[in-house]
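S.K.: Protein sequence lines correspond, in order, to chains A and B.
Just so you know, we're using my numbering here: the first sequence kicks off at 1 and counts up by one.
Just so you know, we're using my numbering here: the second sequence kicks off at 1001 and counts up by one.
In short, the hints are calculated from the structure, not lab data.
One or more hints might be untrue.
Under the rule of at most 25 Å between Cα atoms (straight-line distance), these lysine to aspartate or glutamate pairs were calculated in the DMTMM-like manner [what the hints assert, rightly or not]: (1) B:K1405 x A:E87; (2) A:K177 x B:E1047; (3) B:K1400 x A:E311.
Just so we're clear, the structure is a prediction, and the values are computed from it rather than from any experiment.
Number of protein chains: 2
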Amino acid sequence: MNVVVGQSGGPTVAINASLAGVYQAAIKAGADKVYGMRNGIFGFLQERLVVLNELLCDEEKIELLKRTPACYLGSCRYKLKAAEVAEEEYQKIFEILKKYEIDCFFYIGGNDSMDTVDKLSAYGKKIGSSIRFVGVPKTIDNDLMVTDHTPGYGSAAKFVATVIKELVRDTEIYDLKAVTIVEIMGRNSGWLTAAAALAKGEDCNGADMILLPEAPFTMESFFEKIEARLKVKNNLIIAVSEGVKLPDGRYVCELADNTQGEDVFGHKQLTGTALFLADACAKRFGIKTRAIELSTPQRASSHLASLTDIEESCRVGAAAVEAAVRGESGVAAVFVRACNKPYCCETGVVDIHEIANLEKTVPLAWINEDGTDLTEEYLDYARPLIQGELTPYFADGLPKHLVLK
Amino acid sequence: MNVVVGQSGGPTVAINASLAGVYQAAIKAGADKVYGMRNGIFGFLQERLVVLNELLCDEEKIELLKRTPACYLGSCRYKLKAAEVAEEEYQKIFEILKKYEIDCFFYIGGNDSMDTVDKLSAYGKKIGSSIRFVGVPKTIDNDLMVTDHTPGYGSAAKFVATVIKELVRDTEIYDLKAVTIVEIMGRNSGWLTAAAALAKGEDCNGADMILLPEAPFTMESFFEKIEARLKVKNNLIIAVSEGVKLPDGRYVCELADNTQGEDVFGHKQLTGTALFLADACAKRFGIKTRAIELSTPQRASSHLASLTDIEESCRVGAAAVEAAVRGESGVAAVFVRACNKPYCCETGVVDIHEIANLEKTVPLAWINEDGTDLTEEYLDYARPLIQGELTPYFADGLPKHLVLK
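If we strip away everything but chain A, and leave its shape as in the complex, we get:
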């Protein structure tokens, strides 16, 4: 049995752990060759394959892989067209699969990547191929359907909560009125911004407001809440999702007229929500404001990974392999939570249609009444996902990474 695995879409801290999980489970299942595709399906189309058996030949390399951010194999944002309009691309893919005698194809990615798995599996069935196609979800956005949570979310949430906690300490030191706006990734779902709520505890007052795209937002009510809060507290810290929306459906940052076009999937590129809001507060209240965009480090900070997330991300990769070995295709491995306290989460497999191209948002019941905080239910849901640390391997003062040259 030969298998191939690829990574696609935006990186997370845990996507290489899923790669490690796929690799180890494939070897355990008796795979001869485990190929890795460089730059996802885009590189596969150019036959840019590596042999992971050689690259991940010892346990130390696998452990280092789990501690390496982004995609070890590289990524792509290449969306397959429908087979009806671009069949030659599908033919090419199946030719390469045949040439390398590949039995199972694993694709680690977000919902756009699950769409690739869906299309390839459907085409395979149509042409009578026995190759199995299985998706391994990942995204810091936690916005995939069916799965209890996504691999990669726990580490990103741990990073966000830690940084918010440190920023709260930083902002509280001055005896002055000030507003700090922290912008967190999340286009249509506020899952990652919600993680700011985890910062609150015995030793931290937490953020003063947490604003998600799911909750109604108007500039007027935003200003009113800040004004009220500034009467009782000096330094406000506000966590805001990049995708916070106005009642008319526009993104708040569109008020500043500085969006940067669309990506190849037609998603609007958002920027400047925090900058816009900080500037608006400075003008309205005449006080010091600061905009902080957590930006790429949210998805790349493997120096602060959640051990739970890394271990689960390995397991979901292994679950994908086990499904393929059982003969399943056109499916994705997912998490099924049995219990919050004590936390218990199993892996499962679902039809890829249930996950591809769909988005899961934060339930409104988990957002408090005035749309500025999360409920205990969210905290109970998210807290187990950030538990434990995977300490980096440090060399000469910096975390070491495994790099494919």
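Position chain B against the provided structure of chain A, taking the given hints into account.
M.R.: Below, chain B without anything else, positioned relative to chain A:
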């Protein structure tokens, strides 16, 4: 003997380690009461004092203090006027010092804070007071004179180098032309931006350019270098100091006309250097660009502190106490490096005039010829400062902090 200690200016990850060092050394030297001033000299003027003997009563609290970012006692940006024009303020300070029977006054801060120590010590001498005033330097900027490096720089440098390393992994995953501009703190000195050079190693290509305020910069040569580099490499990552300057002395970000006024010390508030340059590159080259501002986490990320920095910051606090006990006043504790390999660094004491209100910039000899990288000499200088980790105390998935309520 009673002593008082305060913290002032912008926070670092190590400023509480210096507080711990002052406290422990004062107790060791037989101090009865160790007072802490809330919000620096500003709070002292309002007699807002706490008794550290009560707050730091056990070893665990002191260890937690060393792992807490920002200023445990709070900070201020309050600059004393000259005694000639505001003598009543000095009289008030000395009245409070007398009331609490304080023998030694320690002030942890940057060069503006050293100015406070200078003024109080001079006034004390003038009125025949025997109270000793000793400064404990701190700043992530590493821009203080005389001292080999500043407490706080090592941890900030470790953070910057780690994040750059992670961002290099993140940016390299796509097979597309792109430019990422990472903005790092440093108004007039490029020390912290220089730390990006530490990222380069066996497992990391490092940044493609590192731009400091000390090196000449023009938009034309910036574009030329990017154009040349894009011919041989896909994803460029450029570390840029917020204070990068044009030949006419203006900050680059002033080209975007978006500076935010001045702070109370008359320093220009800078913002948007990376945004401006990323936007300029997008327009010039028609490729994807991204601006990342490392912002406040550079000075607040105690979850990634340098153990060397934390230990040295304790020691420099202790050295200040020892100097005061010897009867010295109007001095600051500093680091004196004996050797790079093996690294060996002692503490010393210098006249506060040699450090207050002065800035140390990166030697031009440590910047390469085309002004885009650092030399081996810088690496040899900086590498020892980022060694070792002070692992946070984690509780329920997040680092714990010691908080004064």
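S.K.: CA of B:K1400 to CA of A:E311, is that 25 Å or under?
M.R.: Cα-Cα ~23 Å, so holds.
S.K.: For B:K1405 and A:E87, compute the direct alpha-carbon distance and say whether it is at most 25 Å.
M.R.: 66 Å, violated
S.K.: Below or equal to 25 Å on CA atoms is what counts here, so check A:K177 against B:E1047.
M.R.: 21 Å, holds
In this structure, only the earlier hint numbered 1 is contradicted, and the remaining ones agree with it.
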